[in-house]
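There are 4 protein chains.
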Amino acid sequence: MTGSENEGYEMKEECGIFGVFGHEDASKLSYLGLYALQHRGQESAGIAASAGGRFRILKGMGLVSEVFDARNLSGLAGSSAIGHVRYSTTGSSDIKNAQPILLDTSKGKVAIAHNGNLVNAKELHDELKASGSIFQSTADSEIIIHLLSRSKSGNILEALVEALGQVKGAYSLVILTMDSLIAARDPNGFRPLCIGKLDGAYVAASETCALDLTQANYVRDVEPGEIVVIDKSGLKSVKPFPPDMGRSFCIFELIYFARPDSSIAGRSVHLVRKGFGKKLAMEHPVKADIVISIPDSGNSAALGYSEESGIPFEYGMIRNHYIGRTFIEPSQKIRDLNVKIKLNPIKETLRGKSIVVVDDSIVRGTTSKQRISALREAGAKEIHMRISSPPIIDSCFFGIDTPKREKLIASHKSVEEIRKFIGADSLGYLSVEGMLGSAGLPKDEFCTACFTRDYPIKFGHKVSKLSIEKGRG
Amino acid sequence: MTGSENEGYEMKEECGIFGVFGHEDASKLSYLGLYALQHRGQESAGIAASAGGRFRILKGMGLVSEVFDARNLSGLAGSSAIGHVRYSTTGSSDIKNAQPILLDTSKGKVAIAHNGNLVNAKELHDELKASGSIFQSTADSEIIIHLLSRSKSGNILEALVEALGQVKGAYSLVILTMDSLIAARDPNGFRPLCIGKLDGAYVAASETCALDLTQANYVRDVEPGEIVVIDKSGLKSVKPFPPDMGRSFCIFELIYFARPDSSIAGRSVHLVRKGFGKKLAMEHPVKADIVISIPDSGNSAALGYSEESGIPFEYGMIRNHYIGRTFIEPSQKIRDLNVKIKLNPIKETLRGKSIVVVDDSIVRGTTSKQRISALREAGAKEIHMRISSPPIIDSCFFGIDTPKREKLIASHKSVEEIRKFIGADSLGYLSVEGMLGSAGLPKDEFCTACFTRDYPIKFGHKVSKLSIEKGRG
Amino acid sequence: MTGSENEGYEMKEECGIFGVFGHEDASKLSYLGLYALQHRGQESAGIAASAGGRFRILKGMGLVSEVFDARNLSGLAGSSAIGHVRYSTTGSSDIKNAQPILLDTSKGKVAIAHNGNLVNAKELHDELKASGSIFQSTADSEIIIHLLSRSKSGNILEALVEALGQVKGAYSLVILTMDSLIAARDPNGFRPLCIGKLDGAYVAASETCALDLTQANYVRDVEPGEIVVIDKSGLKSVKPFPPDMGRSFCIFELIYFARPDSSIAGRSVHLVRKGFGKKLAMEHPVKADIVISIPDSGNSAALGYSEESGIPFEYGMIRNHYIGRTFIEPSQKIRDLNVKIKLNPIKETLRGKSIVVVDDSIVRGTTSKQRISALREAGAKEIHMRISSPPIIDSCFFGIDTPKREKLIASHKSVEEIRKFIGADSLGYLSVEGMLGSAGLPKDEFCTACFTRDYPIKFGHKVSKLSIEKGRG
Amino acid sequence: MTGSENEGYEMKEECGIFGVFGHEDASKLSYLGLYALQHRGQESAGIAASAGGRFRILKGMGLVSEVFDARNLSGLAGSSAIGHVRYSTTGSSDIKNAQPILLDTSKGKVAIAHNGNLVNAKELHDELKASGSIFQSTADSEIIIHLLSRSKSGNILEALVEALGQVKGAYSLVILTMDSLIAARDPNGFRPLCIGKLDGAYVAASETCALDLTQANYVRDVEPGEIVVIDKSGLKSVKPFPPDMGRSFCIFELIYFARPDSSIAGRSVHLVRKGFGKKLAMEHPVKADIVISIPDSGNSAALGYSEESGIPFEYGMIRNHYIGRTFIEPSQKIRDLNVKIKLNPIKETLRGKSIVVVDDSIVRGTTSKQRISALREAGAKEIHMRISSPPIIDSCFFGIDTPKREKLIASHKSVEEIRKFIGADSLGYLSVEGMLGSAGLPKDEFCTACFTRDYPIKFGHKVSKLSIEKGRG
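So the protein sequences, as listed, match chains A, B, C and D.
At position 141 of the first sequence (counting the first as 1) the number is 141 in this note's numbering, and the numbers step up by one without a gap.
At position 58 of the second sequence (counting the first as 1) the number is 58 in this note's numbering, and the numbers step up by one without a gap.
At position 212 of the third sequence (counting the first as 1) the number is 212 in this note's numbering, and the numbers step up by one without a gap.
At position 466 of the fourth sequence (counting the first as 1) the number is 466 in this note's numbering, and the numbers step up by one without a gap.
Since the hints were derived computationally from the structure, they do not count as laboratory data.
Any given hint might turn out to be false.
Pairs count within a copy or across copies, as identical chains cannot be separated in the list.
Stated by the list, open to error - Here are the computed lysine to aspartate or glutamate pairs in the EDC-like style, where the Cα-Cα straight-line distance is at most 20 Å:
| # | residue 1 | residue 2 |
| --- | --- | --- |
| 1 | K236 | D221 |
| 2 | K347 | D221 |
| 3 | K122 | D104 |
| 4 | K342 | D296 |
| 5 | K152 | E162 |
Predicted model, so just to flag it, every value in this text is computed and none were measured.
Can you make the complete structure from the sequences, with help from the hints?
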């Protein structure tokens with residue numbers, strides 16, 4: 001399939017999902033859960049709640065705290081609810097793409113919220129349309145609900161199994177029906193999804209930090225390929241897919257996306273990152289005065305690098321906490337404004353020093369270049385850039401919104417060429433083996449395709465991608 | 001079918017539609033067209049435009065002038081567009097119900113805007129859902145597009161004919177496809193729809209006042225049962241339905257809904273109303289000092305009554321032009337605030353006078369009661385109420401949002417009982433025959449069901465209705 | 001004084017004021033009062049309320065219904081309140097200019113709202129500033145409060161008398177102090193101000209239509225030069241100024257500004273205007289088929305013209321009630337959009353007819369020109385323009401925001417030249433004598449300076465004016 | 001003077017100020033400067049610009065990025081400008097209190113922005129009012145401008161010297177006149193103010209981090225008691241006050257308020273804080289596994305403590321970067337929500353550990369109590385709280401908005417009692433001597449009154465204060 005056939009087919013983004021069943025404060029808890037998951041998506045937020053078979057839904061563009069207030073939350077009555085936050089990318093952002101989606105189907109009304117990306121979405125979409133289905137969006141969720149509604153089975157769980165059997169790719173889902181909450185994860189387990197318990201109610205969330213804020217106790221992760229149904233009779237687990245499909249959890253969740261205070265598969269994200277930093281110090285040692293971090297994404301690994309190397313950890317750049325939505329177009333006279341507006345170097349700790357700068361990754365290279373330039377201007381004598389993940393050489397098709405391959409600096413430049421481009425005195429990336437080994441991560445349970453091009457699922461077309469750089473900063 | 005089965009099935013409202021094909025200012029013209037049709041719906045407004053196969057859509061709650069601005073209109077690029085305004089009713093108002101609806105179907109992308117009400121919507125909705133279709137709304141438009149998408153025909157016009165062959169009820173439609181504008185009217189022709197021409201481009205609109213504002217010249221009405229397809233090759237007409245289905249244009253459009261400066265079927269709405277007033281003076285003469293109107297709905301008929309009776313026309317109540325969205329809850333001390341906030345009597349023209357008060361209709365009777373009370377308080381000696389239409393005894397199921405039958409005062413009270421209730425000295429309604437005869441309107445071409453219970457289409461269930469009174473004032 | 005010295009000195013506008021003393025619903029009543037006075041100013045609205053010596057104030061840009069809601073009104077606690085609406089003019093509109101103004105003075109806190117224009121404002125402003133006063137605005141109200149605060153008298157009424165003794169020009173004022181409501185009118189009585197009573201409380205308002213909506217009974221007008229103090233002990237009247245200053249009530253209030261359902265000095269505004277129309281028919285008779293009005297400003301006079309001439313009154317143009325804030329820049333292809341968007345001709349009543357068109361005044365002439373052009377396009381055969389006031393030949397300096405003299409078409413064109421410019425077949429203006437005589441108005445009690453250049457107060461400088469045309473339409 | 005006499009007299013807050021003279025992008029630079037100073041005030045933001053004697057001003061509630069956009073900034077034309085951000089405290093927040101203030105005075109128009117608090121404001125306010133001045137606000141700035149306008153001197157600098165000679169307390173000011181920018185600091189030098197240079201233009205700012213973002217080079221601090229006038233002829237310095245008044249720079253700026261990347265009096269704020277942490281480790285050593293910080297206020301000191309003690313620095317709590325404006329009322333079931341919503345413990349680094357927790361200060365003690373409780377819940381075995389400043393025993397009257405003395409936990413509890421209250425295993429505060437000595441700060445150049453009650457200026461009344469705790473978190 002050529003690229004042009006695919007034109008206009010929109011991108012999927014990294015998102016956060018949350019669900020509650022059986023708690024009188026269901027929509028309030030969803031609000032808090034989404035609040036804790038806000039780092040997974042800042043473009044739009046939505047909550048759907050069900051009360052006695054009656055669904056109510058509210059979605060809006062912006063942060064959770066901007067979309068919801070005490071009044072509109074109180075309107076989302078009911079003891080079960082699901083919520084969604086969506087990642088901000090470009091101007092094509094639209095309320096139409098906000099989730100959850102609420103639809104009336106042959107199995108009754110259902111609301112769905114999704115994190116991930118189906119690689120056969122286009123094919124399914126075209127097939128469904130050819131046989132008369134109509135589409136309001138290009139969301140993967142709408143495809144799944146079409147498949148579910150088309151099922152001959154009168155049972156919603158059977159219909160869901162049938163639907164999920166037809167899709168390929170990454171999905172962590174929460175589905176709200178009239179009388180249940182369903183949480184499902186694709187057989188590869190690309191995206192995280194965990195279960196907690198609170199006052200007898202069940203909670204499902206993308207990350208454990210959402211359990212912490214809602215005071216829920218962590219129970220366990222939803223397993224790859226598992227469908228968990230929570231209703232009045234409790235929690236029921238179904239594993240309809242063959243067990244021999246390899247696991248491939250997204251390593252980038254551990255490197256960058258997840259919050260450091262979350263645990264994934266029983267591992268503290270912060271400690272995993274610190275381990276990356278330690279290994280990085282072993283693989284790429286250097287003589288220097290201080291180790292600094294690019295806050296906050298490099299914090300944990302920088303601390304690890306410092307501990308392992310014995311080089312003192314210092315604060316070298318200060319983050320402005322009131323970024324908000326700055327619009328100022330940098331004129332020529334205000335150079336490198338984008339980077340300075342977020343991070344300002346502390347001249348007194350940098351002047352005349354040889355420094356190790358630790359960051360989690362390099363995408364296009366332009367941001368790193370600007371930051372190194374700002375550090376030099378502040379007086380740093382030597383700058384040794386250390387990256388706590390391997391070079392990103394290809395795009396993700398499983399839910400992370402990376403730029404097109406050709407925009408990824410490591411797809412066409414060697415490490416030495418990148419070093420020159422960003423202006424560092426030395427540059428070291430963590431190796432794939434070092435990364436996995438450092439934290440005792442089994443190689444065959446992770447997806448490392450963006451570093452290795454070893455995609456866990458084969459698929460016939462290339463999905464074009466939008467830039468990750470912009471949204472991350 | 002019982003009422004309870006129908007619960008939650010939402011009401012359809014009176015709306016205004018507009019379309020343009022082949023004009024560089026398509027969305028600007030749609031804006032102006034909707035602006036002129038604003039009286040047909042103040043709840044939401046939307047425009048969908050098509051440029052080289054790419055669709056853009058913008059919908060919002062509120063008035064046309066609130067939803068659109070120069071910037072967002074300029075984003076709706078393209079040389080063809082359709083627009084919609086929707087009538088405001090109650091708190092259940094929701095952006096979800098705004099039109100046009102843009103959907104991706106087996107026949108390609110289509111946008112649709114609809115004025116009317118299908119009487120077999122519930123049946124079609126249930127059938128479609130049972131066979132796997134999923135629904136985002138309860139809009140009639142979504143049903144029509146489902147039917148269209150399900151058609152085996154690859155030709156969109158054939159598919160539309162097939163779809164419209166399955167629906168029953170009132171519809172005036174504009175449909176925007178990749179390369180055409182389609183305007184269609186149900187075989188009975190309940191709702192108006194006309195065609196105009198401007199700079200070589202075609203325009204379709206609910207009323208001719210929209211042609212006036214866009215500087216388009218009136219060409220003709222779309223005929224009942226006609227489907228007009230406008231594309232690069234010009235205008236093509238299809239009449240797929242049997243010609244023996246009687247016409248039944250909504251007489252209430254002439255009585256109240258349409259703007260007095262519009263023409264419908266070649267008749268000036270103002271002059272038809274003036275004729276109603278003249279006939280009313282013949283049927284219900286009275287000795288009085290002055291004739292006043294309830295502005296603005298009674299203006300034309302009041303002038304006709306004055307001309308025929310020779311009793312001088314006077315201004316008796318002044319309308320506040322800055323009504324906006326008033327919220328004040330009337331306390332006991334501020335009686336009849338709702339009526340006073342809109343209309344204030346001129347004491348000096350009323351004091352000691354015997355007056356004829358002309359209004360277009362009485363729905364629940366409460367508003368008339370308040371106004372007569374305000375006129376008495378202002379000093380009127382005798383109040384003779386004259387209504388330029390017959391008593392409303394039953395609900396509409398073809399696109400006008402009347403209250404339930406039992407809320408209609410004339411459904412259970414005699415004229416004398418109504419007179420007592422509203423507190424008039426005398427009360428006269430125009431007869432059905434007088435109404436039709438006065439303007440030379442052929443009885444068998446109009447729907448008068450709300451006055452006669454003679455519904456032109458039979459249907460098996462009762463659709464519950466929300467109040468018209470509130471929205472009209 | 002030259003024009004340039006005066007640069008940047010802002011214009012005063014026509015406004016509406018309201019006050020209540022001794023009613024538990026003081027701010028709610030003020031809201032309603034301003035609502036009824038909205039035609040006197042749509043730019044900004046404000047209410048200040050006093051509860052036990054504590055003042056609260058809320059002002060905002062926009063209509064009364066946009067600025068206030070149930071929640072913020074309930075925050076304006078207290079049994080006395082004053083309110084203000086301000087006329088919209090140009091882009092220089094600013095919340096800074098909104099009233100009431102709340103200030104802390106040597107006599108305690110006072111809130112003030114003002115309608116009118118001081119002709120020695122610039123001189124007073126400069127003197128006060130030279131002696132150390134500082135100014136936040138150029139509002140006349142701020143000057144009056146400076147003078148009041150500077151008074152040596154400890155008594156606020158004495159201080160006010162002293163302050164008002166120094167100002168020259170037009171003012172109708174309401175002032176809220178800790179324990180009283182003061183209503184004052186300049187010795188000439190340029191602007192209206194009346195007093196009403198409601199449930200034992202006193203109400204002051206620019207026009208009686210505000211009494212009607214608040215259910216207050218009209219008591220009397222505040223007399224020219226009178227200061228009325230309302231406090232717990234009741235109503236006290238002070239007339240500190242010499243009685244020999246001639247009265248000069250603004251005739252334009254009767255011609256255009258006041259609402260037709262208001263009474264001023266015991267005269268119904270509607271009936272006065274109708275009388276203007278009758279006299280106009282006597283002074284400028286013509287043979288024609290119908291009389292139409294430019295709605296709504298020409299309505300009353302058009303009816304009078306019809307009655308006197310015997311030519312039937314008809315509706316010739318329909319007003320769009322949803323004007324809102326339209327922004328569309330008319331392109332060449334959409335000619336005369338501004339006029340059409342407000343008024344649409346009814347072709348069927350105009351076609352082939354000879355018509356008399358009655359309007360209240362002609363300012364620049366461009367609007368009349370466009371309307372006549374629209375009427376011709378609609379098919380009118382002959383158009384006889386009749387104006388229910390004399391030609392406007394000079395600016396107002398007493399509170400009405402007229403364009404600069406040179407922009408007034410009658411300042412430099414003869415009636416025949418104006419007729420040609422606007423494209424009418426004939427044109428007739430009401431004479432000054434006819435205007436005053438028709439309604440039995442004593443010539444020496446009215447200001448007719450815009451028609452006669454006979455300014456009741458002499459002043460040394462010319463205040464530049466902004467356009468009235470735009471705001472009126 | 002008793003407290004009750006002072007009632008209704010509003011509190012002054014910590015603020016940030018900025019000024020530019022002689023740069024074509026004056027308002028854009030002010031925007032950036034305020035952006036960098038946003039931590040000094042989040043309640044309101046404003047910019048006044050002057051172009052050829054014409055002043056324009058824009059103020060709004062909220063963050064700099066919320067108040068300004070590209071369009072409204074471009075309206076603030078001119079080559080000189082001043083800006084202000086104001087600290088958020090309570091519901092009494094009001095646009096009326098936003099700065100800069102623009103006033104028309106006997107010396108021409110001036111705009112002023114102020115950081116600090118006058119201790120004789122009430123007396124001056126009363127005196128001015130008694131002699132006829134009128135007040136719109138209770139802002140110190142308005143008092144200063146009244147005094148300036150009252151001066152007999154025609155020279156604005158002389159008038160300012162005269163005005164400042166009458167006020168007592170803390171002020172760092174920027175004043176914009178028709179042709180100059182004035183920057184002034186009170187003789188004690190309570191609040192910071194520095195000068196930078198950019199492309200030949202001068203810039204004044206509360207902190208050097210604002211120079212960094214605007215690319216200006218640091219020139220020097222404005223000295224205590226110095227008035228700097230910048231106009232076309234360059235920079236002129238005036239020191240009108242006797243040199244024997246002791247300096248007393250606010251030590252709390254170094255402890256908490258200033259950004260760590262700023263330098264004050266040539267000292268890096270981060271390094272000073274790190275020094276506090278080192279000294280704290282010497283004064284209050286403890287055996288523990290890790291040192292963690294309360295982010296971000298404790299970061300620098302925690303690093304110092306770790307370095308000095310040799311106990312490894314760790315991340316123990318993660319800050320949510322999307323706090324925004326959360327409104328959720330914590331119900332009983334969601335305990336300690338306020339603290340958790342901002343900071344979430346990392347269980348895996350805390351479990352079973354003995355930890356040193358470093359924070360900058362304890363105000364009421366309730367927040368510390370909640371955080372310690374959260375750390376214990378996360379599994380910390382021992383919690384040793386270390387505070388990098390002395391106990392706060394009294395209120396500030398020089399520009400920092402502390403709670404009333406009785407709300408300050410250290411005003412009435414011993415260190416041991418505080419330890420018990422907050423639930424720590426041990427608690428150590430930095431001593432006053434240690435604090436000053438650690439960074440080589442001369443004792444007689446700093447105000448330490450909140451720790452010592454040694455107020456550098458005597459004053460006759462107590463100004464009531466609002467809570468600092470809420471705004472800081």
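**Request:** Just pull the numbers of the violated hints for me, sorted ascending.
**Result:** none
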